[in-house]
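Please build the complete structure, drawing on both the sequences and the hints.
Protein chains in written order, with the working numbering: chain S, 1 to 804; chain C, 1 to 166; chain L, 1 to 289.
These aren't lab readings, by the way, just hints derived from the structure by calculation. This one's a predicted model, so the numbers in the text were calculated from it and none came from an experiment. Keep in mind that the hints are not guaranteed to be accurate.
Said to hold, decoys possible - Derived contacts from chain S toward chain C, CB cut-off under 7 Å, selection only:
#	residue
1	G19
2	K23
3	D40
4	E215
5	R298
6	H312
7	Q460
8	Q464
9	V612
10	G694
11	H697
12	T701
13	F725
14	A733
Beta carbons: idealized from backbone N, C-alpha and C, even for Gly.
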Amino acid sequence: MNDMTPTPEQRVEKLQGMGCRRKRVEDVRFTQGRGNYVDDMKLPGMLYGDFVRSSYAHARIKNIDASKAKALPGVIAVLTAADLAPLKLHWMPTLAGDVQMVLADGKVLFQNQEIAFVVANDRAVAADAAELVEVEYEELPPLVDPFKAMDPDAPVLREDLAGKTTGAHGARKHHNHIFEWEVGDREATDLAFRDAEVSIKELISYQRVHPSPLETCQCIASFDKVKGELTLWGTFQAPHVVRTVAAILSGIPEHKIHVISPDIGGGFGNKVGVYPGYVCSVVASIVTGKPVKWVEDRIENLSATSFARDYHMTTEIAATKAGKVTALRVHALADHGAFDACADPSKWPAGFFNIVTGSYDFPTAHCVVDGVYTNKAPGGVAYRCSFRVTEAAYCIERGMDILAAKLGMDPAELRLKNFVRREQFPYQSALGWEYDSGDYDTAMRQAMEKTGYTALRAEQKAKQDAFRRGETRELMGIGVSFFTEIVGAGPSKNCDILGIAMFDSCEIRIHPTGAAITRMGTKSQGQGHETTYAQIIATEIGIPADDIMVEEGNTDTAPYGLGTYGSRSTPVAGAAIATAARKVKAKAQMIAAYMMEVHHDDVEFDIDRFRVKGLPEKFKTMKEIAWAAYNSVPPGLEPGLEAVSYYDPPNMTYPFGAYICVMDIDVDTGVAKTRRFYALDDCGTRINPLIIEGQVHGGLTEAFAIAMGQEIAYDEIGNVKGASFMDYFLPTAVETPRWETDFTVTPSPHHPIGAKGVGESPNVGGVPAFSNAVNDAFAFLGNTHIQMPHDAWRVWQAARRLGA
Amino acid sequence: MAKTHVTMTVNGQSAEELVEPRTLLVHFLRETLGLTGTHIGCETSHCGACTVDFNGESVKSCTMFAVQAEGAQVLTIEGMANPDGTLHALQEGFREMHGLQCGFCTPGMIVRAYRLLQEIPNPTDDEIRMGISGNLCRCTGYQNIVAAIQFAAARLNTPAQQEQAA
Amino acid sequence: MIPAAFAYHRPTSVSAAIALLADLGEDARPLAGGHSLIPMMKLRLAVPQALIDLAGIAELRGIRRDADAVVIGATTTMADLIASDELASIIPIIRETALVIADPQVRARGTIGGNVANGDPGNDMPALMQCLGASYLIAGSAGSREVAARAFYQGTYLTSLRPGEVVTGVRIPLPPAGHGWAYEKLKRKVGDYATAAAGVVMAMQNGRVAQIAIGLTNVGDTPLFAEAAGTILTGSSLDATTVDRAVAAAEAITAPASDGRGPAEYRTKMAGVMLRRALARAASPAAAR
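Laid out in structure tokens, this is it:
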């Protein structure tokens with residue numbers, strides 16, 4: 001070897017494959033303002049749509065007078081339910097087995113619900129026309145409190161479900177009841193509680209919030225009358241699903257529908273479902289023969305597109321006096337708003353809430369979730385979490401802290417005592433999940449050591465004494481959160497969206513000169529797939545990541561996939577990428593062997609080439625093999641070098657983490673400052689550490705906002721509050737804490753590259769860490785539970801209540 | 001309502017158009033001039049995605065009418081690259097330090113950071129955070145954005161750069 | 001998102017602006033920084049038929065110093081106020097207050113005239129101007145007049161401005177050299193209006209309060225000049241008992257809205273806390289600032 005020959009390290013470096021901090025491909029266009037988002041697109045003759053929305057939470061529509069609007073020059077049409085009814089599009093199915101009004105059909109069920117869709121040749125004219133539509137309402141009594149939804153005299157919301165005692169998920173107990181979902185062993189759990197030495201019971205609520213990506217929902221629908229083809233560009237996290245749904249709803253055959261997700265400015269679950277704006281744009285385009293663009297504004301986004309959370313969890317944990325948990329019992333009341341538009345896999349009306357046993361070895365558990373309707377926006381979606389996993393994690397992590405306080409035990413010690421142990425994996429949880437891998441003890445101890453946990457508790461004790469002596473008005477809180485989450489939906493045996501199994505896909509095609517193009521069924525909204533997916537292929541096949549073009553989002557060219565949400569891209573599409581890559585590699589091996597005139601078992605893969613075993617100087621690079629694929633393949637093989645893989649995961653994956661949050665609370669104002677936040681994440685194999693860190697920073701920031709002030713609230717007559725950026729808490733760089741990230745690596749045994757996914761972990765683990773810190777600060781004053789969000793005024797009220 | 005004539009300089013080029021008085025500057029830039037790099041994230045003037053540089057100051061272009069920009073010098077993300085076509089240190093810094101994910105806040109963030117570094121060439125972490133407090137991001141948690149701006153500040157303040165600027 | 005249509009005017013003199021306002025009547029609004037008015041227009045909560053842009057009137061922008069006062073032109077921006085080292089050396093509380101208003105981009109456009117003339121109880125400058133004993137210079141077709149800030153506010157969006165009048169400047173008497181000052185603002189995040197804020201300007205003599213003026217922001221439907229609280233503190237050494245009485249007197253005049261920032265009771269108490277903290281800072285020696 002001479003100076004010119006690259007070393008193996010240099011060859012690996014050149015690939016920019018898995019494990020390296022590859023700079024993002026996407027950034028080149030985004031930093032130059034050359035992203036291609038929906039509202040950047042302009043088509044000839046394009047029209048604009050805008051909604052007329054309900055002023056009331058619950059009312060009959062007596063009349064809609066659109067005459068003044070229609071008379072405005074530039075207005076092309078004003079659509080109401082009456083116009084959509086002949087097409088059977090005035091209602092649409094939701095992903096949760098319910099139906100939802102596209103435009104108000106006889107009544108409205110939440111404030112800002114869509115009533116009419118104005119179509120005009122100009123954005124400003126559409127806005128003017130929307131103001132001119134006159135709606136006559138007859139107010140009906142609003143139902144806003146989910147705890148009253150099943151009262152005998154509760155108002156009837158869903159007249160369309162009158163008499164239907166069975167819903168998509170089984171029996172309905174009441175006209176406002178949606179489903180009851182039960183899992184676990186009721187008898188064994190009740191017995192454990194009966195015999196418990198110690199138990200806690202607390203109502204733990206997770207308030208209604210909204211994913212609020214910076215770009216709102218939008219689309220352009222363009223129906224070509226001549227060809228009978230519909231092209232739909234939109235903010236779709238799951239474009240193939242949208243295409244299939246569009247085919248079913250519209251009657252246009254699926255091969256004539258082209259759904260394209262261009263660049264998306266953040267999703268976080270907001271952009272999974274189908275919204276009235278999309279349907280109305282499609283109808284308007286069919287009716288007018290022109291492209292129709294719909295771009296919602298922020299207040300519309302926050303008040304009418306799908307909310308998240310709104311789970312009220314009565315949580316009970318039984319334990320021995322020594323601190324060993326013996327049972328978990330949870331009843332959750334789920335407020336779904338006016339329509340159950342939950343974006344869960346269809347067999348899971350409460351998502352994967354049964355991950356609520358968390359990281360702990362519960363011998364038995366029982367869980368019931370009741371979903372109810374109220375006069376609020378429909379939903380809920382998984383806001384940067386897997387389905388209902390944030391709710392479950394918050395429930396158990398708060399519960400464990402409450403138990404710790406009752407036992408007089410340190411919260412970290414209680415966790416260490418009850419963790420699922422490394423040797424128990426794969427672990428069958430009491431509520432039905434098989435956790436793939438984990439080493440909780442190591443992660444927890446690493447977190448405690450890195451943060452100086454013992455010293456922090458000592459400092460806290462000293463501060464509590466000083467507080468009691470009147471020397472300080474500041475309290476210190478330490479929030480511990482050890483989450484296990486469940487992502488990567490999912491195995492076809494139990495995961496489907498509207499009947500389509502939740503596999504995902506990858507197609508790879510190598511070009512003659514050794515470059516490649518690859519497409520997947522997922523759709524990045526900032527997660528960096530163009531960068532990370534190429535890294536997987538680079539390592540698997542030995543072609544530099546820079547030579548691999550990654551495409552997502554065009555349903556004509558990308559293989560079918562279920563989209564990106566619930567941290568499923570790496571677990572499912574990532575696996576499909578690996579398996580497709582291995583098919584390509586297998587053929588490359590045969591071509592290489594043929595080129596070198598040896599048996600294919602006599603060659604081995606080495607970073608970026610195949611070499612003859614025992615004769616390393618005899619090799620063929622992937623570039624040479626690619627060329628050969630197009631002119632001299634072995635007899636019996638077809639030319640070309642490509643593969644497609646549809647991956648049906650055998651199991652979900654279970655990322656986990658240990659988070660520790662240190663807070664200082666000014667008792668006189670209720671303002672809580674996060675002094676320090678340490679986050680250790682285990683997402684299995686780490687594809688790109690730079691991107692993982694970015695995901696953790698972002699998820700923790702969203703968790704911070706949720707825990708400390710985010711809320712979509714309603715007053716007693718159903719007026720939505722906090723639905724603009726004036727009040728909806730999105731922290732600036734000033735309020736946002738600095739994040740310390742760390743990691744352990746416990747690969748997933750069933751995943752081809754051992755990766756688990758990470759995007760949502762920080763939101764799942766972060767919220768309990770912040771909330772536990774606030775609660776922990778007041779524990780020495782007898783606090784059991786302070787509800788989120790921890791706005792300054794709420795913390796102040798709690799402090800007063802506790803005598804601080 | 002009748003349209004008004006408006007003239008301004010955008011990214012060094014003269015733009016002369018007829019607009020309704022109510023046309024927001026951000027819509028003028030995006031729709032009339034086709035400069036879609038500047039984005040819209042809210043209608044209450046909070047998010048800062050629409051930030052442009054206006055007569056030497058960072059402003060929210062969604063809270064101005066195009067007619068108010070008569071005779072003004074406007075710089076958008078499309079004008080950030082150096083005269084020789086190379087990327088501005090901020091554009092490089094954002095890529096180097098992973099200061100963006102979905103990219104939607106990025107143009108406004110970069111244009112704002114540009115003016116911030118003119119005002120404070122070597123800002124501290126706190127000064128940067130205060131400096132970008134008018135720009136919301138949902139993806140990054142700001143930490144890498146701060147690092148990106150520090151990267152750019154260091155790059156812009158090297159003796160070679162300063163010599164060039166002199 | 002899109003305002004209703006309007007006609008746009010850009011006069012180059014105050015008299016031309018006044019004439020336009022008189023001509024067009026109450027459907028015309030003056031436009032300064034626009035960062036209160038334009039957001040309201042985008043939500044169609046304000047639908048003026050004409051806007052009179054004051055940006056073309058050079059004489060309205062700038063800071064000048066008289067023998068005994070500083071006069072700030074109405075279209076002087078928050079950024080201008082912050083940038084003026086001279087102003088910071090004479091009336092430092094103005095820079096401190098401006099820095100906690102909104103965010104950098106808004107401060108580049110928002111003007112002192114807009115901030116004081118709008119009558120929005122959330123704005124910070126009104127209570128500060130009351131604290132400083134400032135007066136507003138007003139011009140209209142009937143001529144010019146001057147109104148004390150302490151007498152200017154009647155209710156939410158209700159001020160002493162008559163139809164067709166516009167604030168052209170703010171006149172602030174020079175506070176005594178070595179005066180103590182502090183503006184303490186509690187808010188949910190940068191850019192938010194105050195949950196409660198208190199401004200204090202005072203002069204000590206021989207360890208006792210010789211003069212003091214206190215203004216409270218966003219805890220009533222107007223800015224609140226806490227006269228009684230000031231009277232209680234005058235002549236005291238800022239001892240704990242007297243401060244408690246003054247805080248109680250200040251809280252007693254508040255009537256905050258209950259909103260996302262908190263219920264009324266909390267906001268009243270926070271006005272008290274902000275006042276305490278402002279007093280403590282205002283009293284600390286100048287060298288320590």
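| request: Enumerate the violated hints, using their earlier numbering and listing them in ascending order. | output: 1, 6, 7, 8 and 9
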